[in-house]
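Those sequence lines, one after another, are chains A and B.
Letter by letter, the first sequence follows residues 54 to 256 of the numbering used here.
Letter by letter, the second sequence follows residues 54 to 256 of the numbering used here.
These are calculated hints, taken from the structure and not from any lab test.
Taking lysine to aspartate or glutamate and the EDC-like style, the derived pairs with C-alpha atoms no more than 20 Å apart in a straight line are:
id : chain 1 : residue 1 : chain 2 : residue 2
1  : B       : K166      : A       : E64
2  : B       : K86       : A       : E89
3  : A       : K86       : B       : D105
4  : B       : K70       : A       : D143
5  : B       : K169      : A       : E64
Computed beta-carbon distance windows for the label pairs:
id : chain 1 : residue 1 : chain 2 : residue 2 : range
6  : A       : T142      : B       : R220      : 30 to 38 Å
7  : A       : G198      : B       : T140      : 32 to 40 Å
8  : B       : P138      : A       : P138      : 21 to 29 Å
9  : B       : A195      : A       : N63       : 27 to 35 Å
10 : A       : R103      : B       : E55       : 30 to 38 Å
11 : B       : E243      : A       : R90       : 37 to 45 Å
12 : B       : D244      : A       : F153      : 49 to 57 Å
13 : B       : A195      : A       : P138      : 23 to 31 Å
14 : A       : N63       : B       : R103      : 21 to 29 Å
15 : A       : R225      : B       : A195      : 41 to 49 Å
16 : B       : E236      : A       : V158      : 37 to 45 Å
17 : A       : R225      : B       : G223      : 48 to 56 Å
18 : A       : R239      : B       : P138      : 20 to 28 Å
We put the beta carbon where it would ideally sit given N, CA and C, even for glycine.
There are 2 protein chains.
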Amino acid sequence: MEALKEKILNEGTAIGKDIIKVDGFLNHQIDAKFLERIGREFAARFADCRIDRILTVEASGIAIAVGTAPFIGYPPVVFAKKATPNTMTDGQFEVQAKSFTKGTVSKLVVSEKYLKEGENVLILDDFLAYGGASIALAELVAKAGGNVVGIGAVIEKGFQGGAEKLRSKGYRVESLAVISGIEDGRILFEDEEEIKTEDKEDE
Amino acid sequence: MEALKEKILNEGTAIGKDIIKVDGFLNHQIDAKFLERIGREFAARFADCRIDRILTVEASGIAIAVGTAPFIGYPPVVFAKKATPNTMTDGQFEVQAKSFTKGTVSKLVVSEKYLKEGENVLILDDFLAYGGASIALAELVAKAGGNVVGIGAVIEKGFQGGAEKLRSKGYRVESLAVISGIEDGRILFEDEEEIKTEDKEDE
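Here chain A stands alone, though its shape is the one from the complex:
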């Protein structure tokens, strides 16, 4: 998605060798207008699928999921929670999500009422890095007896191998921008020669 790559180059920052900071439009401050373009793009990528539900995980996945729903017929959106709220009094599906970055394991829960047997579920998130969160979300769908039609990420950090891992498990992965690496503070995209960027610190 060219507009997204441009947005990442213009407004994003690379930190060190593996962190892409896009908190100006995606996961702290959100550009709600641009979110519509993201939603339309996911809708186009998965236009061949029947989608009964979108599943994501709090917090930064919520905007992506809610922003995509209007373009695929407003299926119910559900976000997995990282803790069991006091209002979740019914049964719940629970899985362990491994964070390869932090080396931690945390739980993700979804009420049993909001994932159903036989449903076609689209998993969406802002980032796909090592794939720990997506794998956990797919496990939640499996526990409910649903079917993962695909996994969509706004930004994939291709050099961290999550997409490859997911594809080897049989999942379809669609990433709107794939970053192949960071070199000297420059963000490089897959399938392309290096794109020159200026220092983003001042923007």
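Since chain A is already given, all that's left is putting chain B on it; use the hints.
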């Protein structure tokens, strides 16, 4: 907002004397179509204001803020975080938010880049109970030198006094549905006689 009251009665559940469970359309599963009605209603309520930015707090406020932005000209949306992410390398505004329910205090942070002096900020959230989160968000705006044009809540639990507290501090509060109490499992709304509801457990 009549449609919201109906939605709460039809799809919500009261637990005990003070918990309203609306996880079927607002804060776990999200009805993205209904979210547009919520957004339009906030836009109408604050139509007399210039709004430069929407501020909310993760996680369940995000859908509300993102869903409202299109109806007020797509101002930037920013959500306060409950922990400092490793990508927040610049300065940050930080306040303490008191949870009157849990008796705990937790921090809320926003990058200094995403709250600016002189801006007119609309604070939005899913629930207004004791007002702890809204007060903390207003303090963040004040730290940045901005101006709170109003505080909007989808559901106000009127019996917990948050709106009164905020209004006594001079803030304008707009709640789309005000619940005055729970009686024998029935949700009662302000300004109205009791509305009969059936047992919602089976829905």
